[in-house]
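Fit chain B to the known structure of chain A by using the hints.
In order, the protein sequences belong to chains A and B.
Heads up, the first sequence is in this note's numbering, so the first residue is 21 and it goes up one at a time.
Heads up, the second sequence is in this note's numbering, so the first residue is 50 and it goes up one at a time.
The hints are simulated quantities; they were obtained by calculation from the structure and are not laboratory data.
The structure presented is a predicted model; accordingly, all values stated were derived computationally and were not measured.
Careful: at least some of the hints might be erroneous.
A few chain A residues that face chain B, going by a derived Cβ cut-off under 8 angstroms, partial list only [as the list claims (entries may be wrong)]:
hint: 1; residue: Gly52
hint: 2; residue: Val55
hint: 3; residue: Phe56
hint: 4; residue: Glu58
hint: 5; residue: Val74
hint: 6; residue: Val78
hint: 7; residue: Lys79
hint: 8; residue: Ala81
Glycine included, C-beta positions come from ideal geometry on N, C-alpha and C.
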Amino acid sequence: MTTKFTKEHEWVRMEGDVAVVGITPHAAEQLGDVVFVELPDIGKSFKENDDMAVVESVKAASDVYAPISGEILEINDAIVEDPAKVNEDPAGAAWFVKIRPSNPAEFDALMDEAQYKEFAGS
Amino acid sequence: MTDALKRTPLHALHLEFGAKMVPFAGYDMPVQYPAGVLKEHLHTREKAGLFDVSHMGQVWLKTKEADLGSEGAHEAVAAALETLVPGEIRKLKKGGLRYTVFLNEEGGVLDDLMVTRPAREDRQGYLVLVVNAAVKERDYALLRENIADRVNVEVQDDRALLALQGPKAAAVLERIIPGVGEQKFMEMRPYDWRGAYLLVSRCGYTGEDGFEVSVPNSNAEDLARMILADGDAEPIGLGARDSLRLEAGLCLYGHDMDETTTPVEANLGFTLGKRRREEGGFPGAEKILRQHAYGPSKLRVGLKPDGRAPAREGVEIQSVDGALIGRVTSGGFGPTAEAPVAMGYVDAAHAATGTTVHLIIRGKPQPAEVVDMPVVPHRYYRG
Numbered sequence: 021m022t023t024k025f026t027k028e029h030e031w032v033r034m035e036g037d038v039a040v041v042g043i044t045p046h047a048a049e050q051l052g053d054v055v056f057v058e059l060p061d062i063g064k065s066f067k068e069n070d071d072m073a074v075v076e077s078v079k080a081a082s083d084v085y086a087p088i089s090g091e092i093l094e095i096n097d098a099i100v101e102d103p104a105k106v107n108e109d110p111a112g113a114a115w116f117v118k119i120r121p122s123n124p125a126e127f128d129a130l131m132d133e134a135q136y137k138e139f140a141g142s
Numbered sequence: 050m051t052d053a054l055k056r057t058p059l060h061a062l063h064l065e066f067g068a069k070m071v072p073f074a075g076y077d078m079p080v081q082y083p084a085g086v087l088k089e090h091l092h093t094r095e096k097a098g099l100f101d102v103s104h105m106g107q108v109w110l111k112t113k114e115a116d117l118g119s120e121g122a123h124e125a126v127a128a129a130l131e132t133l134v135p136g137e138i139r140k141l142k143k144g145g146l147r148y149t150v151f152l153n154e155e156g157g158v159l160d161d162l163m164v165t166r167p168a169r170e171d172r173q174g175y176l177v178l179v180v181n182a183a184v185k186e187r188d189y190a191l192l193r194e195n196i197a198d199r200v201n202v203e204v205q206d207d208r209a210l211l212a213l214q215g216p217k218a219a220a221v222l223e224r225i226i227p228g229v230g231e232q233k234f235m236e237m238r239p240y241d242w243r244g245a246y247l248l249v250s251r252c253g254y255t256g257e258d259g260f261e262v263s264v265p266n267s268n269a270e271d272l273a274r275m276i277l278a279d280g281d282a283e284p285i286g287l288g289a290r291d292s293l294r295l296e297a298g299l300c301l302y303g304h305d306m307d308e309t310t311t312p313v314e315a316n317l318g319f320t321l322g323k324r325r326r327e328e329g330g331f332p333g334a335e336k337i338l339r340q341h342a343y344g345p346s347k348l349r350v351g352l353k354p355d356g357r358a359p360a361r362e363g364v365e366i367q368s369v370d371g372a373l374i375g376r377v378t379s380g381g382f383g384p385t386a387e388a389p390v391a392m393g394y395v396d397a398a399h400a401a402t403g404t405t406v407h408l409i410i411r412g413k414p415q416p417a418e419v420v421d422m423p424v425v426p427h428r429y430y431r432g
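Excised from the complex, chain A in its bound form (with noise of 0.2 angstroms):
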């Protein structure tokens, strides 16, 4: 299973043929607490760096970027209903959606977890 990122801190994982989608802990810690996801709805499809998502702290909103181009398959409810989960395990439960990817190379292309590490400061 490889995992890799974008520049605006998300990650996308291939299990099979299908991306899972979320934002990093980076992300989920510069955000602050979480009070409110809008997650897109099934069968929609996104081109790469469209706005896809929706996620607000308390204090700000932040749009969540489509990391690769594709159609989305599911969506994490847990999130909508409780959106403390975000800070909770960004990188884990608290995925946002599974994407079908319309096309592999812009996840070849994204950046792997050294090039994020280095990208993000940590």
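Using the frame of chain A, we list chain B on its own:
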């Protein structure tokens, strides 16, 4: 590179407590500590939160028209200030605080402020003002340009201001400054604390019981450390200060009112003193009194969005049939309300409590209800 940010006397203490610092009104200020905005907010409502508000402007007015402590000294300094504000300052009791606003000739709000008449006999003829950090230089200029022939404008740059807020604030502060627990709400008393001259006011910006302590810069860190040594007190950043005042329905200057809004439109009609309404004699009086009598065309109201999506500053407010009727001026998530909380201006026809409006969040209309403020009831000390 812009001008270097100013620092309050507690700057090093904020860093020691792990604060995330941000620029605010020209100062490097703590927006949150490691606990985070949500926990800081809830801690303040549950126990006691310490806020560094030293960036705010402290200025004392001293009459030139009478000897301090003499008959008529208070009358003189109050009459001078009343030319700039619509509040009843002359009849303020000794030690009494009043919330009021500086006005321009169009009746717009230049700033909101706290005015206090000192308690001590020998300080009669002084008024103690606390103004907003972002516009304090403009406030000082306003005072100097308009009433410097009648008062000395004494800016207290050598004093810090600490706010301790929450249901445990009185117990915590009483252990450090004995006597404060006896103070009434909106009362200021002076204290000699380790040789330092403190002015302690029972007031705040959270809707909770609490105090603001004016302390010489050189004693501010000692006082803050003593407060924070108490298990019930935690340091609280600007993030929670904002969510607390939002739930309490309190205005943030420059957002919820400014030079383009009158106190009547801002739903601050209580700042118009009864005698002042009859006599006028403050900037913009004609317009403000007309609005007070006949109603303003727009009004600041509380808004309770349906659902969980916060409505932030700038969000468009529409009537249910899609007409633009106003904008959100402050909004976010209320940790105590456990729901989004907002305020904004709407056309008077839509300002009645219970009116349904639409907030346009990311292009989509979200229903919301016009509600009475505060959303979280005030718990001021009424003992």
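Which earlier hints can't be squared with this structure? none
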